[in-house]
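Residue numbers (my numbering), protein chains in the order written: chain P, 21 to 379; chain H, 21 to 379.
It is possible that some hints are incorrect.
Given that identical chains are not distinguished, each listed pair holds provided it fits within a single copy or across any two copies.
Unchecked claim - Subject to a maximum C-alpha distance of 27 Å in a straight line, what follows is the list of computed DSSO-like cross-link-like pairs (lysine-lysine):
no.: 1; residue 1: 204; residue 2: 45
no.: 2; residue 1: 126; residue 2: 251
no.: 3; residue 1: 376; residue 2: 246
no.: 4; residue 1: 251; residue 2: 132
no.: 5; residue 1: 126; residue 2: 234
The hints are simulated quantities; they were obtained by calculation from the structure and are not laboratory data.
Protein chains: 2
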Amino acid sequence: MTERIGIFNAGPAVLPEEVLLEAQKDLFNYKGCGQSVMEMSHRSPVFQGIIDDAMARLKDLMGLGDDYDILFLLGGASTQFLMIPMNLCPDDKTCNYVNTGTWATKALKEAKKLGKKMHIAASSEDKAFTYIPKEMDITDDAAYLHITTNNTIRGTEYHWIPDVNIPLIADVSSNFLSKPMDFKKFDMIYGGAQKNIGPAGMAFVVISKKIQEKLPGNVPTMLDYKTHISKGSMFNTPPCWTIYIVGLVAKWIQDNGGLVGIEKINKEKAGYIYNAMDRTDFYSGPVVFEDRSLMNIPFRLPTEELEKKFIAEAAQENFIGLKGHRSVGGCRASVYNSLPLKWAQKLGHFMDEFAKNNG
Amino acid sequence: MTERIGIFNAGPAVLPEEVLLEAQKDLFNYKGCGQSVMEMSHRSPVFQGIIDDAMARLKDLMGLGDDYDILFLLGGASTQFLMIPMNLCPDDKTCNYVNTGTWATKALKEAKKLGKKMHIAASSEDKAFTYIPKEMDITDDAAYLHITTNNTIRGTEYHWIPDVNIPLIADVSSNFLSKPMDFKKFDMIYGGAQKNIGPAGMAFVVISKKIQEKLPGNVPTMLDYKTHISKGSMFNTPPCWTIYIVGLVAKWIQDNGGLVGIEKINKEKAGYIYNAMDRTDFYSGPVVFEDRSLMNIPFRLPTEELEKKFIAEAAQENFIGLKGHRSVGGCRASVYNSLPLKWAQKLGHFMDEFAKNNG
Numbered sequence: 021m022t023e024r025i026g027i028f029n030a031g032p033a034v035l036p037e038e039v040l041l042e043a044q045k046d047l048f049n050y051k052g053c054g055q056s057v058m059e060m061s062h063r064s065p066v067f068q069g070i071i072d073d074a075m076a077r078l079k080d081l082m083g084l085g086d087d088y089d090i091l092f093l094l095g096g097a098s099t100q101f102l103m104i105p106m107n108l109c110p111d112d113k114t115c116n117y118v119n120t121g122t123w124a125t126k127a128l129k130e131a132k133k134l135g136k137k138m139h140i141a142a143s144s145e146d147k148a149f150t151y152i153p154k155e156m157d158i159t160d161d162a163a164y165l166h167i168t169t170n171n172t173i174r175g176t177e178y179h180w181i182p183d184v185n186i187p188l189i190a191d192v193s194s195n196f197l198s199k200p201m202d203f204k205k206f207d208m209i210y211g212g213a214q215k216n217i218g219p220a221g222m223a224f225v226v227i228s229k230k231i232q233e234k235l236p237g238n239v240p241t242m243l244d245y246k247t248h249i250s251k252g253s254m255f256n257t258p259p260c261w262t263i264y265i266v267g268l269v270a271k272w273i274q275d276n277g278g279l280v281g282i283e284k285i286n287k288e289k290a291g292y293i294y295n296a297m298d299r300t301d302f303y304s305g306p307v308v309f310e311d312r313s314l315m316n317i318p319f320r321l322p323t324e325e326l327e328k329k330f331i332a333e334a335a336q337e338n339f340i341g342l343k344g345h346r347s348v349g350g351c352r353a354s355v356y357n358s359l360p361l362k363w364a365q366k367l368g369h370f371m372d373e374f375a376k377n378n379g
Numbered sequence: 021m022t023e024r025i026g027i028f029n030a031g032p033a034v035l036p037e038e039v040l041l042e043a044q045k046d047l048f049n050y051k052g053c054g055q056s057v058m059e060m061s062h063r064s065p066v067f068q069g070i071i072d073d074a075m076a077r078l079k080d081l082m083g084l085g086d087d088y089d090i091l092f093l094l095g096g097a098s099t100q101f102l103m104i105p106m107n108l109c110p111d112d113k114t115c116n117y118v119n120t121g122t123w124a125t126k127a128l129k130e131a132k133k134l135g136k137k138m139h140i141a142a143s144s145e146d147k148a149f150t151y152i153p154k155e156m157d158i159t160d161d162a163a164y165l166h167i168t169t170n171n172t173i174r175g176t177e178y179h180w181i182p183d184v185n186i187p188l189i190a191d192v193s194s195n196f197l198s199k200p201m202d203f204k205k206f207d208m209i210y211g212g213a214q215k216n217i218g219p220a221g222m223a224f225v226v227i228s229k230k231i232q233e234k235l236p237g238n239v240p241t242m243l244d245y246k247t248h249i250s251k252g253s254m255f256n257t258p259p260c261w262t263i264y265i266v267g268l269v270a271k272w273i274q275d276n277g278g279l280v281g282i283e284k285i286n287k288e289k290a291g292y293i294y295n296a297m298d299r300t301d302f303y304s305g306p307v308v309f310e311d312r313s314l315m316n317i318p319f320r321l322p323t324e325e326l327e328k329k330f331i332a333e334a335a336q337e338n339f340i341g342l343k344g345h346r347s348v349g350g351c352r353a354s355v356y357n358s359l360p361l362k363w364a365q366k367l368g369h370f371m372d373e374f375a376k377n378n379g
């Protein structure tokens, strides 16, 4: 088999090798049906089976039943920044956001751009988004509270779910299905598929029947959740291939112990890197200890020159994707579900060696 | 090699076998770079090469230069129905539409839903959309004229381009790159990828620099063409795999004689089916002769029972996708670019035999 490299990309991100090999085997002729999944009519029974299977597996992993609908939508999570306030914040209410950095900031700015009353219930901007705010100040007329469960760029993660008596909405793009979570506490979660559950090109939305009662009637067709709920995500042609891969990834998670099993491995993987970081003063992590992300691990070296050297030498050892986001600099290792354990282990070892040789 | 079937789907549609085989070969490890295209960072040089290549090939096929931008957007053509009036019809102007059926109807309804002044410049609704209107009545304050160059459901196609002195916008979803066209006459064309140029999950937009000057500043971020133009379709994560396949399909068209070569083959393919239809009174085509589509060929049989029998027997011979759209009934053969010639020939023969045995 051809040699794979260590893919630490923040997204699009690594996929399970088993999933890639199965997709490759079936690409030309899906299970002997004479056509590729990329060619199938979305109205055909064979594709209906694929989408039903993917949705059922995701619901099973989340432990959710018929009181939630799953939508596979085009537009990426960025389009959700717009659809959420448009659909779920009436003009006489205020949408509340916790600002934990870049993506949360984009989400709340879009609500404001739409002309909605928007309130920042909590923010960690005072300390460069290096922690998750524990206190919130929610308005009495709140339409919903919006949080971002993991910040890909800053490397912070919610390890708890806010207890609120208003609808709770979360962007879970970068830690979806990485650990057990009480999904029933949310009225809506959403994210881009391209980090933990599939290739780029699709947003998933999990929306409770309860919050669906609040949907208005005057929203443009493609931006209206009702359009997609009523047609089972097939109002227009869905991204069939992406949905197929998401189904394979969900099956792979189920086969690897579900969310309990995945969390165990994720902790071990992140451990290799955090331990290498904590063993020496050579590396420093900006995030407060208790809010460290299991998915995205940013770290700094003593100088920018050493960071460049680190990334260059890592590339020679076939580690890619280790450059920090351009807005913050430094280094970052994204260790999503699908990253093989051995690559996290190898990176931890590489970090130890690099510190020894350059410290 | 595993046996392929005859895919006459209206969309998602057949893809070239050569493209599928190449994608299959490279799926696990793209050109030895150690990762799948589905895993690549969209910010990486290797993916930048893939998207640049796809855009350059499309521009080459259309004969367009730097005075046009190509965008690869999420949301499908249906989202364009909304973005076009939102971006290109100011409140003091009227958007003009030619109504040639289903998709055109959806496009103009969305403009109306947005509260824009909308005018139907021509319509073939009087005769069940079985022809392309030749006369138009365009308002003096027209923001643009919108046409649909091919109607997938009704099987009508523009074989000419309206000469107007206002911006001309066209939904070209179902006949894009199927024949030479004077693309410079359009200020914007767009479509879903899933018919002639790739798998489902992406809209392409070709937009002139000239019309870009008219773009306003108050549109939600993801619905604003300027957002995507300024970032080369990478404001958010693009559908990398779909873009990759589109590039392969564009190369396949170039390798097969470009648009001149493709049109020649398309005429021959459609000919097999139209000839089988015209040879006998057993079949009837609803569309007026001069507006017949080279891509989608609807036809009726003497009774609905015979239509069911036709579709069932065709399925036994491995022809799929021959059922007419549920809104119109009957039969339909979609013979897009990628349908191998032999399958069109086989279907023509099958139609002859079926007419003989059941006439």
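Comparing the hints with the structure gives:
1. Taking the closest pair of Cα atoms, residue 204 and residue 45 never come within 27 Å of each other, the shortest separation being 37 Å inside a single copy and 42 Å across copies.
2. For the homomeric pair residue 126 and residue 251, the shortest alpha-carbon distance between copies (16 Å) is at most 27 Å, but the shortest distance inside one copy (29 Å) is not.
3. For the homomeric pair residue 376 and residue 246, neither the shortest alpha-carbon distance inside one copy (58 Å) nor that between copies (49 Å) is at most 27 Å.
4. Taking the shortest Cα distances, residue 251 and residue 132 sit within 27 Å of each other only across copies (22 Å), while inside one copy they are farther apart (30 Å).
5. Within a single copy, residue 126 and residue 234 get their C-alpha atoms as close as 24 Å, and across copies as close as 26 Å, so both meet the 27 Å cut-off.
When the structure is compared with the earlier hints, violations turn up for hints 1 and 3 and for no others.
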